[in-house]
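Each chain is listed here by its residues.
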Amino acid sequence: MIALIDYHAGNLTSVRKALATVGAEVVVPTKPEELDAVAGVIVPGVGHFGATRALAGAWTDAILARVGEGRPLLGICLGMQWLYEGSEEAPEVPGLGLLGGQCYRLSGDVKVPHVGWNSLAIQQRTSIVEGVPQDSQVYFTHSYVGPVNGDTIAVTDHGETFAAVVQRGHVAGVQFHPEKSGEIGLRILRNFLELAA
Amino acid sequence: MLSKRIIACLDVRNGQVVKGINFEGLRSAGDPAELARRYNTEGIDELVILDVTATIEARRALADTIARVARELFIPLAVGGGIRSEADAAAAVEAGADKVSLNTAALADPGLVTAVATRYGSQAVLVAIDAKREADGPHRFGVYARSGSTNAGRDAVEWAREAEDRGAGEILLTSIDRDGTRAGFDCELTAAVSAAVSIPVIASGGAGGLDDFVDVFTAGRADAALAASIFHYAETSVRALKQHLRGHGIPVRV
Chain A
1 MIALIDYHAG
11 NLTSVRKALA
21 TVGAEVVVPT
31 KPEELDAVAG
41 VIVPGVGHFG
51 ATRALAGAWT
61 DAILARVGEG
71 RPLLGICLGM
81 QWLYEGSEEA
91 PEVPGLGLLG
101 GQCYRLSGDV
111 KVPHVGWNSL
121 AIQQRTSIVE
131 GVPQDSQVYF
141 THSYVGPVNG
151 DTIAVTDHGE
161 TFAAVVQRGH
171 VAGVQFHPEK
181 SGEIGLRILR
191 NFLELAA
Chain B
198 MLSKRIIACL
208 DVRNGQVVKG
218 INFEGLRSAG
228 DPAELARRYN
238 TEGIDELVIL
248 DVTATIEARR
258 ALADTIARVA
268 RELFIPLAVG
278 GGIRSEADAA
288 AAVEAGADKV
298 SLNTAALADP
308 GLVTAVATRY
318 GSQAVLVAID
328 AKREADGPHR
338 FGVYARSGST
348 NAGRDAVEWA
358 REAEDRGAGE
368 ILLTSIDRDG
378 TRAGFDCELT
388 AAVSAAVSIP
398 VIASGGAGGL
408 DDFVDVFTAG
418 RADAALAASI
428 FHYAETSVRA
438 LKQHLRGHGI
448 PVRV
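So the protein sequences, as listed, match chains A and B. The working numbering applies: residue 1 is where the first sequence begins, and numbers increase by one. The working numbering applies: residue 198 is where the second sequence begins, and numbers increase by one.
Hints in this document: simulated from the structure, not taken from any laboratory. None of these values were measured; they are calculated from a predicted model. Please note: incorrect hints may appear among the correct ones.
[Stated by the list, open to error] Here are the computed lysine to any residue pairs in the SDA-like style, where the Cα-Cα straight-line distance is at most 25 Å: (1) A:Lys31 to B:Arg316; (2) A:Lys111 to B:Arg379; (3) A:Lys31 to A:His8; (4) A:Lys111 to B:Met198; (5) A:Lys17 to B:Arg265.
Can you build the whole structure from these sequences, using the hints too?
Take a look at the structure:
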């Protein structure tokens, strides 16, 4: 059973549907205690980093407890940014701090938000990108990004280079939307389920 | 590099695609789910379902259509036509739409843009602008409401800027002058709006041949281009279009 965390940062319909398609059993817990028995946790989300404030306290404790037990965690879009220490978008709201650095707004001579299909430059071959060809295109919609560091698995360019896929052990994140990225996106969700198996 | 998007529009009435369709090999040519599947196989980047009836009965059929299309497609899906309230937007999103397109209702109450953006995020809100050149009017490109029938008394560039400020994630810009003509997109209109906002602009209206798309992505500065009939009639396959664009140095997803 995979827990999909609903903290009212966007609609979960598409993520649920994609997870069902790749064979996941999904629960949307209403209380942090419901995370006790799950095989993995997914934190989706779109919008403002301040929305992750709803995860402070008991939810964060429960998620970190699962991670401490070795269960996999996947952050999608805003959920990936939450894996870092924080974001310039809401400096008063701390992130989970599993990855080092602060998220920041994209800049450069490009349109922001970054909306549409862009390519992945895979830098490290880890389990989350298993079977994902180099230069695969995936669907993004966001204005803020996480910094590139040693946990960066793939990068994307939009005015500058940013972390598109991160992974440290059984903690992974994707800045794009796997639920909207065709077969490549479904493959990445399957890879996550493998981690949870 | 960010790809230029090719978007197919399905005009739907009572659960059936209504613009003429001429695909071979489709069991039911008017079935939106089947057409959506076909486009997906060809490499379409995104789909728009436009409800052209927007009656109460058709609303239920629309929710069913959205659900059937969304069930098997994992690319962005936008829904528009007759979305008049936050409740209408919510119904479309709950049925599986990733984005809702607001037009007449947003002109009447621009606060609706903010309300839907606050609830679902800006990425879920397209503001659709139907624009027309006005030789004698106060605006270079006037905005029209109610499927292009009513002059809204606004300037398209100025309305696009306001829509962005109010929380729109993208602008779906249709040239009334070019719609259905196959004379090419209105690149001047598209470039004027695209230069004025930082959110993506989807150009619509006038697609006729492959070079029209090259023009709208270069001179028109569009981020995406939408077409309906040229894909429905299979005159132009999505794949052939993307190969053509790539040959002209325009980044596309293949």
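Distance restraint between A:Lys111 and B:Arg379, which requires alpha-carbon spacing of 25 Å or less: Answer violated: A:Lys111 to B:Arg379 is near 29 Å, above 25 Å.
Agreement of A:Lys17 and B:Arg265 with the hint, judged by alpha carbon distance not exceeding 25 Å: 12 Å, holds
Distance restraint between A:Lys31 and A:His8, which requires alpha-carbon spacing of 25 Å or less: Holds. A:Lys31 to A:His8 sits at ~14 Å (cutoff 25 Å).
Pair hint outcome, A:Lys31 versus B:Arg316 [Cα-Cα no greater than 25 Å]: 22 Å, holds
25 Å limit on alpha-carbon distance, applied to hinted pair A:Lys111 and B:Met198: 12 Å, holds
In this structure, the one hint that does not hold is number 2.
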